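Enquirer: Residue numbers (my numbering), protein chains in the order written: chain L, 260 to 390; chain R, 574 to 964; chain A, 39 to 382.
The hints are simulated quantities; they were obtained by calculation from the structure and are not laboratory data. From a predicted model like this one, the values you see are computed outputs, not experimental measurements. For glycine and all other residues, C-beta sits at the position ideal for the given N, C-alpha and C. Wrong hints could be hidden among the right ones.
To be verified - Each computed EDC-like pair below joins lysine to aspartate or glutamate, with the alpha-carbon atoms no more than 16 angstroms apart:
hint, chain 1, residue 1, chain 2, residue 2
1, L, Lys361, L, Glu378
2, L, Lys361, R, Asp960
3, L, Lys388, A, Glu85
What the hints assert, rightly or not - Listed next, the stretches of chain L that the computed footprint assigns to chain R, with coverage defined by at least 3 CB atoms under 8 angstroms from CB atoms of chain R:
hint, segment
4, 278–285
5, 296–302
6, 307–320
7, 372–384
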Amino acid sequence: MTAPRFWRNIEQRYRLVGTECETCGTAYFPPRELCPECRRDGDVVEKEFSGEGQVVSATVVHDAVGDYESETPYTLAVVELDEGTRLTSQVVDSGEGERVEKGDRVEACFRRVSDQGDEGIVQYGTRFKPV
Amino acid sequence: MLRDVAIVGVGQTSFGEHWERSFRDLFVTAGVRALEDAGVGGDEIDAMYGGNMSAGQFINQEHVAALIADYAGLASERVPATRVEAADASGGLAFRQSVLDVASGASDVVVASGVEKMTDLGSEETNDALAGSADREWEVFGGGNVAALYALMARAHMDRYGTTRRELSEVAVKNHQNATENEYAQYRNEVSAEVVESTPYVAEPLRAFDCSPASDGAAAVVVVPAETATEYVDDPVYVEATEQASDSLTVHDRRDVTTLDATRKAAERAYDEAGVTPGDVDLAEVHDSYTVAEVLAVEDLGFAEKGEGGEFIAEGCGSVGGETPTNPSGGLKACGHPLGATGVRQVVDATRQLRGEAGTQVEDASVAVTQNVGGTGGTAVVNVLSDRRSA
Amino acid sequence: MGAGIVSYGGYVPRYRIRTEEIARVWGDDADAIKGGLRVESKSVPDEDEDTATISVEAARRALEGASVDGDDIGAIYVGSESHPYAVKPTATIVGAAVGATPLMTAADMEFACKAGTAGVQAALGLVEAGRIDNGMAIGADVSQGAPGDALEYSAAAGGAAFVVGDEDVVAEVEDTVSYTSDTPDFWRREGERYPQHGERFTGKPAYFKHTEGASNELLERLDAEPDDYDHAVFHQPNGKFPARVAESLGFSEKQYATGLLAPEIGNTYSGASLLGLVATLDEAEVGERIFFASFGSGAGSDAFSLVVGDGIEERRTGLCETFEDVEHLDYARYAKHKGKIQEE
């Protein structure tokens, strides 16, 4: 990811700043500027998520794309945040031999997601760890 | 549709690692075969739709419709050529757009083609290109990839419905078995469930043999108005319905992570338009990019209840001779999966079945369904074809 | 209370490697090493952790439930020897991660292991001058020791963050004194991966001279004695040096025991003395006094005299409790975590 593309979403990646449609009350992370429920009638505003949630489904990835190959095996999960929205992220610090399961409570942590070799910018972001 | 459409010619290259053959070699071969099959000359073609997911990444080439038209001898006829893309549903889109073009009355003879040249890249770059069918910003960034996303769906399906590892393996076993008679398939060897389960993990529970291979290949189909079809061939195959639906790009935004609503909706629309029910379907070519995808497909197409797709396969209901044979061609797993070509190849194989010319033939096949999915399910195209012989 | 610490937080990654395991690989005598260094294990970062991520985790812990939030921070200084970039500050990454941007000043500091305390002094200066309401100083590192070198037994990962201000202060800074000279006891040239050190030269002319220099000067200025303090925290490159400097200054084991983390987590470089302070603040009672002196090679020591005030109870962080959930690694996994071996 190039520098401008990464920079544009720093608030989202570092602090889970998403959006909320005040018209229907749906929270969105990743953020959406257009609420699919209300479309042009939606009044969408910024919202910072707590970073707490639970695992919906998890897998252990052995074959990864790009930078993530050096991190395998790692756990990838769909996490449902307490505010109701879902996202896809790695779950770290789960312990040797411990499997991450549906229903496990998790919380956000700040990690170095990708560094694109020795020359590019370091891309930080939010991952999750078991509570 | 304003007027009915029929398929009068089909053709494809074999699928596999075609080191000596380039992108343009592949589609020219497939196109020529389809035109010959239809008895149609290049100067009779009114339009061409080309499905291709990622020539930009695989061979750094854009403007591929123009390239295809040019090398297929259609550019000299100034034929309008359009490239359509929906990840690995690009072929399905190309077919559907071709049918709509004829149905609307805008064109009388249209070629639907699909082509992908994947093997010029190393595995790292190939996997990166594939990941473009998922959400780069919010699924791939941080560690997601298409196999892992299907694995998440598989785990959820196993947790909720008790689908087993063995049931997934049976999809691969069945499809390899079916492909032994398919001269165009990439893999014509049988595999056992034990072999499938001994291959290394890609993303748990999916193993290497749960995943369709990267391939090179092309396929093409010629469509005309139904009313003129018998001027070309004695055994046209009729397009009873061609429907398409969208769903969220990401798996995490789906209504239910164990269902592809795009397939369900496209199927609902297609059955409605064709005036058939799932029970009327004699065979289906479905999108087994991963074994679990076939389990979901038999459920979402209505052949099995939600949650019973694994059993359906394991009990032989999807085998030739069973209730609703799925992937008698060998599916993506054994035929190979050149991304943009698959959706057209499914139509080619369904057409052969309805003509009685398939390798692994379903007896008395009269109504066929094809299901083509983009990525993890953001797009689905469902077609219903029939020979109208029993009508 | 005068200006001082408003809130604080520490973060140490959950992985460890034991001295025995490193010794096994290099054929060293583990008992001799443990006896000499008094380090039983050290902390190891996860593959996706670095100085920036550790700084953010420490900063977030410092702000959790505090009277101050990201918006109120007017300055952030991050001190480290392992900043992720040679040019581009870690402090702005922390600022963005805690919501302190854009109205703040920021800079990174380098002074070997005392870069974090230099940051505390700088932030304190801005507060006491009335230029900002609250500032944050962080000391964090993912330190490197060359494979097979003695430093490998102690070079660890961790960091601590301190919010300073003059309101809601839970530990007042009575005074701070520094003792600095140009002493090349330990260094790393630009582009080199691992540092060089002067072996025994890092002791008397460096660690002890500067720590004693700053400490004695501070005690003199305050007209105080070691006995006037309830707690003492010194820089801890291993478990031995802080014990020895405490003894030479006149502090007892009882005073420094709470803040001595090196035997368990090793030397977290810029995080070391500050993490010792975190552990101490987690135990110190209202009215108690804390003597604190950092040391950074190059060389210098920053000494502080602190008085614990009301409100400390609500600010405690339970850092040492987090050490109960750790995972011990073998050398191969340790090397992979630290990037000593990488897939080509």
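Enquirer: Next, verify each hint and record whether it holds.
Expert: Results for each hint:
The straight-line distance between the Cα atoms of lysine 361 (chain L) and glutamate 378 (chain L) is roughly 38 angstroms, outside the 16 angstroms bound, and the hint therefore fails. Between the alpha carbons of lysine 361 (chain L) and aspartate 960 (chain R) the distance comes to roughly 47 angstroms, so the proposed pair goes past 16 angstroms and is violated. Straight-line distance between C-alpha atoms of lysine 388 (chain L) and glutamate 85 (chain A) comes to about 14 angstroms, which keeps the hinted pair within the 16 angstroms bound. Under a criterion of three residues with beta carbons nearer than 8 angstroms to beta carbons of chain R, the stated coverage of the segment 278–285 of chain L fails, only 0 such residues being counted.
Check result for the segment 296–302 of chain L against chain R: violated, 0 residues qualifying (beta carbon to beta carbon below 8 angstroms, three or more required). Coverage of the segment 307–320 of chain L by chain R holds [criterion: at least 3 residues with CB-CB distance below 8 angstroms; count 6]. Under a criterion of three residues with beta carbons nearer than 8 angstroms to beta carbons of chain R, the stated coverage of the segment 372–384 of chain L is upheld, 4 such residues being counted.
Of the hints listed earlier, those the structure fails to meet are numbers 1, 2, 4 and 5, in rising order.
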